[in-house]
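From just these sequences and the hints, can you work out the full model?
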Amino acid sequence: MDNDEARPKVTTASEDMLLMETPASRGPENAVPDAESMPPAGKTPDAGQIEKKSSTQPKVYQEKVLVSAESSSSSRQSPADSSIMEASPIQELIVDAARTLYQLSQHQDGIPKAIHRRILRSLQGSQPEALAASTSNTWSDGSIWVQLLEMGSSRQRHVTILNMLEYMGAWEWYDGQVRLAQRTISTKKGQPVDRRGAAIHVLNEMQTTRGSVEGRGRWMSGVGMVALNQSEPSHELPSSPVSLAESDQRQRRKLISMQLSRGQKLSTKLVKNLGFGILFSKKIWDYTKMSMKRLDDLIHSIQADPQHTRLLQILGLQLERLVSHGWPEFRDFITRLTSGGLISEDEAQELRITFPLEDEALPAGKLDTAIDQLIEGVKARVLGQTILSPNDTLAVNGSMELECTILQHLRTGVRLDAWTILAAMQISDRPAFVRHDKSIPLDEIIAIQPIKRIRPFKRPLATWAKKISKYRRQAKETFGEVIQLVFFCPINHTDSNYTLLEINERERVIRH
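No gaps in the numbering here: position 3 of the sequence shown is 3 in the UniProt record's numbering, and each next residue is one more.
So the derived label-pair ranges between C-beta atoms look like this:
(1) Leu255 to Asp286: 14 to 22 Å
(2) Leu500 to Ser344: 40 to 48 Å
(3) Thr463 to Asp417: 15 to 23 Å
(4) Ser243 to Pro306: 51 to 59 Å
(5) Arg455 to Tyr498: 14 to 22 Å
(6) Leu500 to Leu148: 16 to 24 Å
(7) Thr499 to Tyr471: 17 to 25 Å
(8) Gly142 to Gln349: 25 to 33 Å
(9) Ser143 to Lys466: 24 to 32 Å
(10) Val382 to Thr309: 48 to 56 Å
(11) Ala380 to Arg455: 44 to 52 Å
Below, in silico cross-link-like pairs of lysine-lysine (DSS-like), each with a Cα-Cα straight-line distance of 30 Å or less:
(12) Lys283 to Lys113
(13) Lys438 to Lys366
(14) Lys293 to Lys254
(15) Lys293 to Lys269
(16) Lys254 to Lys269
(17) Lys466 to Lys438
It is worth saying that the hints were derived from the structure and are not from the lab.
A virtual CB, placed ideally from N, CA and C, is assigned to each residue, including glycine.
As structure tokens, this is what we get:
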């Protein structure tokens, strides 16, 4: 048998031609395939349909070659499409990239699941937490929500980058399979099948249920062997019409085609010409929906800007680190921006201040400058005075009155005391179920000379235990039932060594 006779036969068809498929190639998990929705770049192939031999009478279905909604919409220029093509100033691109890398490096684990459970409960009006949140009259700067939104945005960007890599990998595999099919499958006339016919064959194979047994039927999990080529009764899913399975298959087909289309544009256009750094772009989803011609225009405009090209090269290195380690290296990014001539040393320092890392100290004098501005703001806008006297006091969010001199304790090299820590806790944004108190001393110094002597208190936490009981009663009186609270209280040894004690009723744990 020569090669042409050994090749599977394919019938090519025009758009509205009836296409044939046997029951052996069709089942609840293998409905009539749609035509490939994304033609290869620079070519619009003819339709093709695989015709498999069977001894039974074939069923006839009609299949039209459709252009996907994504492809048809991308062929028409829209106002949104034109705005995508507008090149952003390099400064905006650098700041956006810095913000993205900073958030990815700061929020590596995403949002804890418990947070979403709490949000859901707070949105359910009958839940005690919802009442607690709605009746709270404590001012909040929203820092918790800002951090939460940043964590969600960072996680979404990370997932998007991984999705794009998945699309590219799937496309490379798919493209290879289509080329292989073109070499091994022929039409009825013995001619090699065109790309569209080969593509339909590959898509059909992708949707064929694994575990199908030739001549026996198809194994379905939880059901057993289902006969496909026999007329006798077989085990079928009860009350599960085939039309639903067909609908599911068609939806899967469209989804696979869309994902492969995006992978094609990424592999053959965007990443091929601009590098992997383009995956960090906040417009990457929009780029994958553009027509090939519009992509070419976009690529040419970016390549014409050497600074933009250099930025993408630097981002490409960060993407490798993100995928390999799970987070980018923000310091290395700033260093490469500077050495690459994209920003000056002063601009690099400005980025470090704008996006501070926890293990990096503030630049010299930066903290004192911020405190000076805070004191001036308190004098002018809060007290309406030009100077602060020792008798001036402040109350933060309804807390006890604190002397204004406490602001001086925030300066570099000045030791924090219990009152400063209380003010910081009072200012901090927190959920409605959190309670906190002033630091509790465990002991006291009774003598320094000739030898330092320390006397421990007998029951240092007794007063706080009474406050916890009071907080519980107040919550029950206000909301009608007990709300699980979280209590924080610093404790100190000799008024110098501070640690934090947490009693968490929600998680039933005590942490110190």
